[in-house]
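Chains as they are written, first to last, in this note's numbering: chain A, 1 to 282; chain B, 283 to 672; chain C, 673 to 1226.
Some hints here could point you the wrong way.
Listed below are the simulated DSSO-like cross-link pairs for lysine-lysine, each with C-alpha atoms no more than 30 Å apart in a straight line [claimed, not checked]:
(1) B:Lys420 to C:Lys1027
(2) C:Lys795 to C:Lys1081
(3) C:Lys849 to C:Lys941
(4) C:Lys825 to C:Lys849
(5) C:Lys1081 to C:Lys984
(6) C:Lys825 to B:Lys494
By construction, these hints were calculated from the structure, which means they are not laboratory data.
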Amino acid sequence: MTTLPTQADLHAPEAGLPANVVRPIDQSLPPMMERVRVYVWEIPVRLTHWVTFAALVVLTITGSYIADPFFFTPGQDTMRLVRFIHLVAAFSFVASGVLRTYWLFAGNQFSRWSAFIPTNRRHLREVVSQTQFYLFLRKDLPGILGHNALASGTYLVVFLLFLVQTLTGFALVGIHGTQPWATLLGWVPSVMFGEQGVRVIHHLLMWAIVAFAIHHVYSAILVDHIERNGLMSSIFAGSKFVARWRVIEARDGGIALDSLVSKQDDDESRAEALATALRTRE
Amino acid sequence: MARQDGLYSALLARGITRRDFLKFSAAMSAALALPASYAPRVAAAVAAAPRIPVIWLEGQDCAGNTEAFLRASHPTVAELVLDTLSVDYHETIMAAAGAQAEAAMRGTMSTYPNGYIAVVEGSVPVADGGVYCTIGGKAFSDTVIEVCRGALVTIAVGSCAFDGGLPGAAGGPTGAIGAGHAVPGAKVINLPGCPMNVQNLTATIVHFLTFKAWPATDAMGRPLFAYGQLIHDQCERRAHFERGEYVTAWGDEAARSGWCLYQMGCKGPETYANCPTARFNDGTSWPVKSGHGCVGCTMPNFWDQMSPFYRRLPTVGPFATDTTADQVGLGLVGGVTALTAVHAVGSYVRKRRSDADARAELAAVSAPVAPPMADSSARSDSSTEGRTDR
Amino acid sequence: MTRIVVDPITRIEGHLRIEVEVANGVVSDAWSSGTMFRGLELILKGRDPRDAWVFAQRACGVCTTVHALASVRSVENALGLRIPRNARIVRNLIAGTQYVQDHVIHFYHLHALDWVDVVSALKADPAATSTLAQSISDHALSSPAYFKGVKDKLSTFVASGQLGPFANGYWGHPAYKLPPEANLMAVAHYLEALDWQREVIRIHALLGAKNPHPQTYVVGGMALALDPNSTTALNARGLSEIGELIKGAQAFVDEVYIPDVLAVAGFYKDWAGIGKGIGNYMSYGEFPEDDSGEPTAFYLPRGRIMARDLGKLQAVVQDSVAETVSHSYYTYDGGDATPRHPFDGQTRPAYAGPKPPFETLEGHDKYSWLKAPRYDDEPMEVGPLARMLVAYASGHADVKPAVDGVLGKLGVGADALFSTLGRIGARAIETQVIVHRLGRWFSDLTANLDTGDLAIADGTKWDPASWPAQAQGFGFEEAPRGSLGHWIKIKDQAIDNYQLVVPSTWNGSPRDAKGRRGAWEEALIGTPVADPAQPLEILRTIHSFDPCMACAVH
Ligand code: HEM
Ligand code: HEM
Ligand code: NFV
Ligand code: SF4
Ligand code: SF4
Ligand code: F3S
Ligand SMILES: [Mg+2]
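Next up, chain A with everything else stripped away, as it sits in the complex (with noise of 0.2 Å):
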């Protein structure tokens, strides 16, 4: 049986922090609430996100004047050039979705697969209380340096209509018999109430796609400009500013510490568990 931790050990400038991962920015604090620097995500996740982000705009617009083509410049081919350009994002968009599911594997903790699916009992647990939080009905959270266990379940069912957009997107390109898309996913429109089922499930996706937009872009805002946490420009420089003890605590903080606290049913015995952690370390 050891002794809880001290109040050294709490300050003790690295206590308890994954190294590779966390350097401190701000020492005016007491060292577990100065706010430390996280680097959360790599290149390919931020390029990936920036790609899709400008794909997305394009095929928006190119796509809301395929639905309904509302001018036309005399002499030119208006509707081909637009075609086209809904194409050449549209490769970009998938060329960018490669990339990223290749990050899934190959990425830090933060953008792996496995931060999108509640993969433990305190991950599942997490979709509660954070539901429980937007819903107003609780004011704390477990910790969380990466998605949180909502967001990247959003992210999750975001990355599903990315995909059955792109196959409904190829599947019209194969409706004009253009191939390969007309063999591959020749069966889609069969699945899809038919050709017609095809183009109003892309088109409606587009719309599921743009409140998704609107949603992510204004909680981004609202969360940053609330939390002062670095989130807005996480994604674009990779790194997020979170108090110290914050980190020890979150989930995803440290990888090392999941394994233990991850068995635990409450916040009362996770509390214990991370204390235990901490004096376990020295």
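Position chains B and C with the ligands relative to chain A; hints supplied.
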């Protein structure tokens, strides 16, 4: 059974020259997308063919395909009926009625087992024991099984016989299905359309006479020579589509200039058929040529899938509500925006409260104090700090 | 008393079963049963009213286009739309062409075999046939060689043993009266008419993309673009093609159809006393010739004749139409015997006949998929005869002399019109009157285009957002087989209720709540039946109405 002189000699007898006949054969080869070198073979095959018995059944139909058949021009219906086929049963044109009509059908079935063509026009109502269509007191759903099972091939003409068509559309109470569905296992060639283009029927028959085989079909049993390509990709208005030049009101300048009907709901971009090239009524016209969009009448479940006909996309919902994809999408976006806004206000209020708490806490921890995680209430109060939810 | 069942009645559109009782060689009672139901009125519910015509048109592929017209009219009536002049004339041209083509097909391909013995034609002398043909018409195809060719072809055909559609006909039946030469001439014209109908209907393709089921109607006008000087619209070339086709149609009707009808009728004058029917006749009127929208502008007038009283023309208003279902396979809220006006019409299928397979409908109170429409509670006969009688009674400038001329040529009085033969004659007269009127409408169209008026649709109410929350309207159309009405109720831009009351529903109606027969049933009473095993005479009277069952039940 005595065999007839072939079509060729019959045509000669009607004063039709060999040149005309070769022209017909060439036209048929073209319809079937055969190389021109096939024309003599088509000619020879058709000329030598005996008259194939046909039993033409009508179920839940409007006789539109029968009328289309009457409009056949290459060969004409007279040539088809008198020289190429032996239409032994066809309620709309046959002389016999009642028991005598029924006897004509039975006679053909027993004289030519597996040697006659069954043509089915109209859908087959299978609900409630087949009471929605009876002929001679028998349920049509039984007759169609009997006749098609014993046939060389079943040709389902029109969309009703293809997949239930109009009677099978949402709201229809009769359990209407297509012939292929009603007679599982039967060899069925589908010629959807409302009605079918008769040129595709004659070409299908000529293909059989020429190659002793039925034309290649797609997964839905539609001959590829007729249903292999998108209308949109064969349309004479396609250049206007590419340009972005669309009709936006009936009878406007754009309509007179033959601009694209996409904005008026044309379903050419989702419909497979050869209407633009085969055209109707001896090649006179087809819907888009005359100014109205295609309604997709060769496609599965077209009454529901392709309607509303004047909107590009179907409405969303179980059936036929007037909610469009855009309305759903805008609703979604509006809803999300509203929720986000409400949430933003809530978060702002919470933030102000917890900021105050945090300030108090900060004052408390400036002097060395117990670690936050050892004190769960303190942790709760400062919980939003470092939160990374997105 | 013998019960005779004829099912299927062939050479009509659709599925009709006739049961009759024969006593002393004549029909003493009759039941007309429509045996196929699709549920069009149910399928239309909830859909976009602008789409309705595409669906409704599929009520029938034979009298194609008529339901399209009634449908767009009903929506236009509900929305208060008035269509441009060009659209009105184009619609007349399409509808008029339908009359002409439909009537000629009916005579040669659906009805003729009741009067013409194909097998007897084999005994004809081609030279005598030529003489006969030339004595009644200037039609070019009338040489002995021509008729010999037809006869040879027929002989080869019959000798093949594969009689195709002519197998099992009632050939040799004592009721066939034509000499072999007349039979051979009719067979030749049967074949010619097959070619002719295919050609003349190209007018529909030029104006409406295709036939059957033309595709250029829109609520508010037509989608067809008209511009004599455009390469893409219906231009001067297309128009002149229509002009030529109309001329060809006129020639065939004048030189072949009318002389044939007169010739055949001459041998069957006894049929002017058979098939009298109800004696009430109705026409909604058709072919608006100005843009007022008023029935007074119709070329064929609106009106009603009761109890064969040609001296008294009565009014027709839509409110007086109602249907009961006492003997039909439906149920009504509030009782099957309570007449329902179409605005409140209900379509609730409830089959109550015998379970198939069955031998007879005897003993079943309900026996048809047709409802029983009544005007002011009275059964009506509709169709060419009704239209010609209404026009005749109104002193119509073209119809009256035409009717009098035919009556004179046959040497019969006006009473002869109320009969099986009268229906055939009226249909022929109407065809001739309309085929010539087509020329007039055609020149109206070109004259109007000449003024530079190219308008073809009124788009002011195209957007459903511009509609009131609720609206209702009706569309009348005189179809080839008679008075057609569509009633629509629109709610929140969708169809709330849609009801069709169709010519063949009027004529083929089963008994009503009061037990009164419909027109076919009534006309069969008194029809002779020489041989119950070969009910040729029943076909004659039924065919004289040109039944259409897909229409009637829908
Ligand atoms: C990812 C691969 C994508 C491909 C290959 C693709 C391809 C296409 C194609 C070919 C069309 C034309 C449909 C036709 O004319 O028949 C189309 C339409 C459209 N696309 Fe995409 N697209 C893709 C992604 C997206 C995305 C991500 C969005 C929006 C966020 C989008 C929005 C639209 C819209 C709104 C239409 C018009 C649909 C209609 O109303 O018919 N597309 N797309
Ligand atoms: C100004 C615009 C945007 C900002 C500042 C932003 C910011 C971010 C941030 C901070 C994350 C990490 C999320 C987390 O902390 O859990 C993220 C992830 C993500 N964002 Fe955005 N975003 C923006 C626009 C968009 C748009 C328009 C889309 C697409 C519609 C999008 C799609 C995504 C997706 C799918 C992820 C998950 C990323 C991954 O793990 O690869 N973002 N974004
Ligand atoms: N009855 C009927 Fe029709 C007609 N004419 C129409 O409304 O036939 Ni098909
Ligand atoms: S497919 Fe169309 S034309 Fe053919 S029977 Fe059905 S409704 Fe009539
Ligand atoms: S008119 Fe229809 S089929 Fe033709 S190009 Fe336009 S959308 Fe395509
Ligand atoms: S509506 Fe049908 S007829 Fe051809 S153009 Fe379209 S498939
Ligand atoms: Mg009705």
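The hints, checked one at a time:
For the given pair, Lys420 (chain B) sits about 9 Å from Lys1027 (chain C) by alpha-carbon distance, which is consistent with the 30 Å threshold. Distance check on the hinted pair: Lys795 (chain C) and Lys1081 (chain C) sit about 28 Å apart at the alpha-carbon level, within 30 Å; holds. For a cut-off of 30 Å, the pair hint linking Lys849 (chain C) to Lys941 (chain C) stands: about 11 Å separates their Cα positions. At roughly 23 Å between alpha-carbon atoms, Lys825 (chain C) and Lys849 (chain C) fall within 30 Å of each other, so this suggested pair holds.
About 26 Å separates the Cα atoms of Lys1081 (chain C) and Lys984 (chain C), which keeps this hinted pair within 30 Å; it holds. A threshold of 30 Å between alpha carbons decides the hint, and for Lys825 (chain C) with Lys494 (chain B) the separation of about 27 Å falls inside it, so the pair holds.
Violated hints are absent here; each numbered hint is respected by the structure.
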